[in-house]
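Protein chains in written order, with the working numbering: chain G, 1 to 210; chain H, 1 to 210; chain L, 1 to 210.
Worth double-checking, as some hints may not be accurate.
If chains are identical, the list can't say which one is meant, so a pair holds when it fits in one copy or spans any two.
Said to hold, decoys possible - Okay, derived cross-link-like pairs now, BS3-like style, lysine-lysine, Cα gap no bigger than 25 Å in a straight line: (1) K64 with K109; (2) K161 with K43; (3) K120 with K28; (4) K28 with K136; (5) K25 with K133.
Bear in mind the hints are in silico, worked out from the structure with no lab data behind them.
Values in this document were obtained by computation on a predicted structure and should not be read as measured data.
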Amino acid sequence: MGFNFLPKDNDFYHLLSKASDHVVKAAKIFRELVENWQLDSEKVDQIHAIEEEGDDIRRDIVDKLNHTFITPIDREDIYVLSSDLDDVIDMIQSRTDRMQIYRIKTIDKNCLHLAVILEKASIALDKAINNMKDKKNIKHVMECIAEINHLEHEGDRTIRKLLTELFAENNKMDAIEVFKLKETYEALEAAIDKCEDVACTIEGIVVKHG
Amino acid sequence: MGFNFLPKDNDFYHLLSKASDHVVKAAKIFRELVENWQLDSEKVDQIHAIEEEGDDIRRDIVDKLNHTFITPIDREDIYVLSSDLDDVIDMIQSRTDRMQIYRIKTIDKNCLHLAVILEKASIALDKAINNMKDKKNIKHVMECIAEINHLEHEGDRTIRKLLTELFAENNKMDAIEVFKLKETYEALEAAIDKCEDVACTIEGIVVKHG
Amino acid sequence: MGFNFLPKDNDFYHLLSKASDHVVKAAKIFRELVENWQLDSEKVDQIHAIEEEGDDIRRDIVDKLNHTFITPIDREDIYVLSSDLDDVIDMIQSRTDRMQIYRIKTIDKNCLHLAVILEKASIALDKAINNMKDKKNIKHVMECIAEINHLEHEGDRTIRKLLTELFAENNKMDAIEVFKLKETYEALEAAIDKCEDVACTIEGIVVKHG
Numbered sequence: 001m002g003f004n005f006l007p008k009d010n011d012f013y014h015l016l017s018k019a020s021d022h023v024v025k026a027a028k029i030f031r032e033l034v035e036n037w038q039l040d041s042e043k044v045d046q047i048h049a050i051e052e053e054g055d056d057i058r059r060d061i062v063d064k065l066n067h068t069f070i071t072p073i074d075r076e077d078i079y080v081l082s083s084d085l086d087d088v089i090d091m092i093q094s095r096t097d098r099m100q101i102y103r104i105k106t107i108d109k110n111c112l113h114l115a116v117i118l119e120k121a122s123i124a125l126d127k128a129i130n131n132m133k134d135k136k137n138i139k140h141v142m143e144c145i146a147e148i149n150h151l152e153h154e155g156d157r158t159i160r161k162l163l164t165e166l167f168a169e170n171n172k173m174d175a176i177e178v179f180k181l182k183e184t185y186e187a188l189e190a191a192i193d194k195c196e197d198v199a200c201t202i203e204g205i206v207v208k209h210g
Numbered sequence: 001m002g003f004n005f006l007p008k009d010n011d012f013y014h015l016l017s018k019a020s021d022h023v024v025k026a027a028k029i030f031r032e033l034v035e036n037w038q039l040d041s042e043k044v045d046q047i048h049a050i051e052e053e054g055d056d057i058r059r060d061i062v063d064k065l066n067h068t069f070i071t072p073i074d075r076e077d078i079y080v081l082s083s084d085l086d087d088v089i090d091m092i093q094s095r096t097d098r099m100q101i102y103r104i105k106t107i108d109k110n111c112l113h114l115a116v117i118l119e120k121a122s123i124a125l126d127k128a129i130n131n132m133k134d135k136k137n138i139k140h141v142m143e144c145i146a147e148i149n150h151l152e153h154e155g156d157r158t159i160r161k162l163l164t165e166l167f168a169e170n171n172k173m174d175a176i177e178v179f180k181l182k183e184t185y186e187a188l189e190a191a192i193d194k195c196e197d198v199a200c201t202i203e204g205i206v207v208k209h210g
Numbered sequence: 001m002g003f004n005f006l007p008k009d010n011d012f013y014h015l016l017s018k019a020s021d022h023v024v025k026a027a028k029i030f031r032e033l034v035e036n037w038q039l040d041s042e043k044v045d046q047i048h049a050i051e052e053e054g055d056d057i058r059r060d061i062v063d064k065l066n067h068t069f070i071t072p073i074d075r076e077d078i079y080v081l082s083s084d085l086d087d088v089i090d091m092i093q094s095r096t097d098r099m100q101i102y103r104i105k106t107i108d109k110n111c112l113h114l115a116v117i118l119e120k121a122s123i124a125l126d127k128a129i130n131n132m133k134d135k136k137n138i139k140h141v142m143e144c145i146a147e148i149n150h151l152e153h154e155g156d157r158t159i160r161k162l163l164t165e166l167f168a169e170n171n172k173m174d175a176i177e178v179f180k181l182k183e184t185y186e187a188l189e190a191a192i193d194k195c196e197d198v199a200c201t202i203e204g205i206v207v208k209h210g
């Protein structure tokens, strides 16, 4: 087993950047899928392929952590970042699968809005991670984090509106349909929240190394 | 970036005590809200305000952790304690919001009983945290922990009773109403369980430093 | 408080082996229960008894961690392993309770298939843990891990099939019954996933010490 005593900082940043790039790809295809929802869209397979690549990237990061004594940022932080980025993709993929299983027929405008928020949050995450490496860019990192926090609040308001409509007394929708939609909204909210968790970890790293 | 080499133990204990005091406040207002349930009660806003203050306290604790080399108790334990205390408040707040969204009409006596258990558990937690600092008070800390474990068991029995009634064959309630109540009970049980997690962390700290 | 400076490696391995043995016991009784489902089966009490013993084993492991400076494998890994093994038993027990509360009447063949997968995964886990100690047996450990990954995929396919049938348009089942079954399937899938988490932790340990 070989250990690197002098780690190339670039390696971890490069892998994390690859991971966040995959989150953007998954969120983009998911938003496109939701925009033009079809049960048998080939975009479902594309999301599965990205999820598998994401797993490989995460495995590469964990392997590298296990073989490196000194890391540019705390091991635990690298671990949490890669794990949370992978979780976002997993959540997108499992929600896509579930929407197929539930034979969701139409997706309303507000639900698309949640997918748009998720895509925007993933883009801001990716920018933050690509700027973490260079201390000169800390201001830009903090702007991305603020944007993600802002998007998370927008997501909160949107889901509140969606659920209030869904559970309104005059909604005559069948109970099973109500719970399919409720679960879909909550899953998208959870994916957006996970992006905020990543932003929070990045903020912690920047503060510690600031 | 300034580091404190000689931490004042009091600072962390003071912040944790502030955090647990906020848990008591949130649990107390929630119990009062449930006792006299009104969809548009001003107590909902009070819970939101406490939740925001709780976030600030948690941020203060994390900041202090990032700027202190030596901590009176393990960093990880302080981190987990502050995170779990914050989670209890978040759970109370998000349940309050959801009860509004669901337009819950009446709250039965057993559900109020869960809110009372949660309030009692939060008071025992607060006492435990306020007594952790002084080794002379360990016996009192352990009594609080035993009380929280006892309350958690009482919560288990209560929710079992509530769910058994809810899913009884002769219950003619509409499916959507059944699931709104089921989710409410489970959310309160989860908040009580989280109090037990905090008690468990406190017990671990006391054993390590005993 | 006494510390062991020279830990007997065997102690931790022995306790972890005891823990995984209890997972096998719980999964076996659960599979038998599901195979011949009866609301008032004495097997429910047997699962409760195993769950309590599992809690004791976990407490022994945490106590030993708190009193030992040097551990044969990383403290954090031992902690996560014992915690995840305990979680599998907790999940089996709480699902059993919930199936009673829901007054589940019949269990279909595919649901039994999930219980069989869970039992097989627990047996593979137990084998992996019993072979971890001796470097000569690493190949055998890796075979067990591969088997668990394979079982998890089989679980995924099974639950996908079960949910697709449950949410098929021609299913005239009552909404409450649909959600009872959905929750049962998801809980079994979560228990199988937790076994895979344990396998993943074991793999990480073997790689680090390989």
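Results of checking the hints against the structure:
1. K64 with K109: neither (43 Å within a copy, 44 Å between copies)
2. K161 with K43: between (28 Å within a copy, 21 Å between copies)
3. K120 with K28: Answer is within; shortest intra-copy Cα gap is 9 Å, inter-copy 39 Å.
4. K28 with K136: Intra 29 Å, inter 47 Å, cutoff 25 Å: neither.
5. K25 with K133: For K25 and K133, only the intra-copy Cα distance (22 Å) is at most 25 Å; the inter-copy one is 42 Å.
When held up to the earlier numbered hints, the structure conflicts with 1, 4 and fits the remainder.
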